[in-house]
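Engineer: Join the two chains into one complex using the hints; note that each chain is given alone, in its own frame.
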Amino acid sequence: GEDVEQSLFLSVREGDSSVINCTYTDSSSTYLYWYKQEPGAGLQLLTYIFSNMDMKQDQRLTVLLNKKDKHLSLRIADTQTGDSAIYFCAVVGGYNKLIFGAGTRLAVHP
Amino acid sequence: NAGVTQTPKFRVLKTGQSMTLLCAQDMNHEYMYWYRQDPGMGLRLIHYSVGEGTTAKGEVPDGYNVSRLKKQNFLLGLESAAPSQTSVYFCASSRSTSTDTQYFGPGTRLTVL
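Going down the list, the protein sequences come from chains A and B. Residues in the first sequence are numbered consecutively from 1, following the numbering used here. Residues in the second sequence are numbered consecutively from 1, following the numbering used here.
There may be inaccurate statements among the hints.
DSS-like, lysine-lysine: derived pairs with alpha carbons at most 30 Å apart [said to hold, decoys possible]: (1) B/LYS71 - A/LYS97; (2) A/LYS97 - A/LYS68; (3) B/LYS57 - B/LYS14; (4) B/LYS9 - B/LYS57; (5) A/LYS67 - A/LYS97; (6) B/LYS57 - A/LYS36; (7) A/LYS97 - B/LYS9; (8) A/LYS97 - B/LYS57; (9) A/LYS56 - A/LYS67; (10) A/LYS70 - A/LYS56; (11) A/LYS36 - A/LYS68; (12) B/LYS57 - B/LYS70; (13) A/LYS68 - A/LYS56; (14) B/LYS57 - B/LYS71; (15) B/LYS9 - B/LYS71; (16) A/LYS36 - A/LYS97; (17) B/LYS70 - A/LYS97; (18) A/LYS70 - B/LYS57; (19) A/LYS70 - A/LYS36; (20) B/LYS70 - B/LYS9; (21) A/LYS97 - A/LYS70; (22) A/LYS56 - A/LYS36; (23) B/LYS71 - A/LYS36; (24) A/LYS36 - B/LYS9.
Note that these hints are calculated values from the structure, not bench results.
Same shape as in the complex, but just chain B (with noise of 0.2 Å):
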């Protein structure tokens, strides 16, 4: 049961490149979560996921597109990238609501030059 995962751990792109983001939990969870983390910020929601094939916006979606096709995969992605983007990602899931208890993955740091 290896939990929330997320691939990769690291990335640095150019702006303006593209690139997609995976989670992967192993829990069942109906919903799933992208957040971003920037210093002095704390977690920031993106976007999440209430169940297979449905997505919806958080609080700072801009830039940013999911795709929730299997109900164990959340995948965000960057179209083009941009320096505002450069911040530490974490997916995480919870069994059927917010308030149930979230399980956060390890984190992507992502650089954007």
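Isolated chain A, as found in the complex (with noise of 0.2 Å):
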């Protein structure tokens, strides 16, 4: 079946850059999707690209997929301590159905 994966764990100084990865087995997916979970809280939609896009931006956030490598990532410009949260990579698979990653903790520290 579909299989969605991604580092769990990434760590940055506030200021800087942060990048987390996903990549997926399944490539018929027609929406790609990141969440946000902050702690004690559900996840909340971040952003999402449609297959036939290759780059989209919203403010500080970038997501680039790579159809052909089945690679899609999340950059955010000028990570603040406010941005610390688990991350998740969603991807639409069988049936219709959201397939999730494990999620990628992002820590950001001064």
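Structural biologist: Dropping the structure here:
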């Protein structure tokens, strides 16, 4: 079945850029998503990209999609302490259901 | 507009006990979902519903039952809780299909002793 993989942990200094990577196995997903989970809270949609796009920029967020390599990344510019959270990559898998990666915990330190 | 709410927020059960988790949404969404989140495993879909009166199995349905008697409510039941069901449970809803944005509740932390 569909598999979505992410590294589990990323540590960056405040003000630097963060890049969170995700790879997936099923290339038929029309949409690919990034969700953010803050401590003690549910997931919140951060951004998404259509499969026919290579890049999408939304303020400090840049999503890059490499369909050939089945690789999705999320870049956060000027990372702040408020960006500390778990970030989940998700793609649409079989039966039109979201398949989530295990999540990348982003820690921002001064 | 409360979005997606879940009750209870925390619960401790003994092995073999039963309980029901309630999810409610006030956005008139057709689709509702129950996920469980375990460390290092992301979210896994337990059951979902594509409309009032319908339910379907997800990735990890064993040991759980669900009901969608009203459009705004989606109940998750554990008939005989097991320690392996210790997890954080999230409910979500989306307007029509799974590719629509899913809105998540705050979660229920369940511990089975």
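Engineer: Are the hints correct? Go through all of them and say.
Structural biologist: Hints, verified against the model:
1. A C-alpha spacing of about 19 Å is found between B/LYS71 and A/LYS97, which places the hinted pair at or below 30 Å, so the restraint holds.
2. For the hint pairing A/LYS97 with A/LYS68, the CA-to-CA distance comes to about 22 Å; that is within 30 Å, so the pair holds.
3. Distance check on the hinted pair: B/LYS57 and B/LYS14 sit about 25 Å apart at the alpha-carbon level, within 30 Å; holds.
4. Among the hinted pairs, B/LYS9 with B/LYS57 is consistent with the structure: their alpha-carbon atoms are about 24 Å apart, no more than 30 Å.
5. Between the alpha carbons of A/LYS67 and A/LYS97 the distance comes to roughly 19 Å, so the proposed pair stays at or under 30 Å and holds.
6. For the hint linking B/LYS57 to A/LYS36, the alpha-carbon distance of about 26 Å falls within 30 Å, and the restraint holds.
7. Distance hint between A/LYS97 and B/LYS9 is fulfilled; the C-alpha atoms sit about 26 Å from each other, no more than 30 Å.
8. For the hint linking A/LYS97 to B/LYS57, the alpha-carbon distance of about 11 Å falls within 30 Å, and the restraint holds.
9. Straight-line distance between C-alpha atoms of A/LYS56 and A/LYS67 comes to about 14 Å, which keeps the hinted pair within the 30 Å bound.
10. Between A/LYS70 and A/LYS56 the CA atoms are separated by roughly 16 Å; this keeps the pair inside 30 Å, and the hint holds.
11. For the given pair, A/LYS36 sits about 26 Å from A/LYS68 by alpha-carbon distance, which is consistent with the 30 Å threshold.
12. Distance hint between B/LYS57 and B/LYS70 is fulfilled; the C-alpha atoms sit about 18 Å from each other, no more than 30 Å.
13. Restraint check for A/LYS68 and A/LYS56: the C-alpha separation of about 17 Å stays at or below 30 Å, so the hint holds.
14. Restraint check for B/LYS57 and B/LYS71: the C-alpha separation of about 18 Å stays at or below 30 Å, so the hint holds.
15. Under the criterion of a C-alpha separation no larger than 30 Å, the hint pairing B/LYS9 with B/LYS71 is consistent with the structure, at around 22 Å.
16. Between A/LYS36 and A/LYS97 the alpha-carbon distance is near 18 Å, which keeps this suggested pair within the 30 Å criterion.
17. At roughly 22 Å between alpha-carbon atoms, B/LYS70 and A/LYS97 fall within 30 Å of each other, so this suggested pair holds.
18. In summary, the hint linking A/LYS70 to B/LYS57 is supported, as the alpha carbons are separated by about 28 Å, within the 30 Å threshold.
19. Of the pairs offered as hints, the one joining A/LYS70 and A/LYS36 holds, with about 21 Å between alpha carbons and a cut-off of 30 Å not exceeded.
20. With a CA separation close to 21 Å, the supplied pair B/LYS70 and B/LYS9 stays within the 30 Å bound.
21. As the CA atoms of A/LYS97 and A/LYS70 are separated by approximately 18 Å, the hinted pair is consistent with the 30 Å bound.
22. In summary, the hint linking A/LYS56 to A/LYS36 is supported, as the alpha carbons are separated by about 17 Å, within the 30 Å threshold.
23. Simply put, B/LYS71 and A/LYS36 have alpha-carbon atoms about 27 Å apart, close enough for the 30 Å limit, and the pair holds.
24. In summary, the hint linking A/LYS36 to B/LYS9 is supported, as the alpha carbons are separated by about 20 Å, within the 30 Å threshold.
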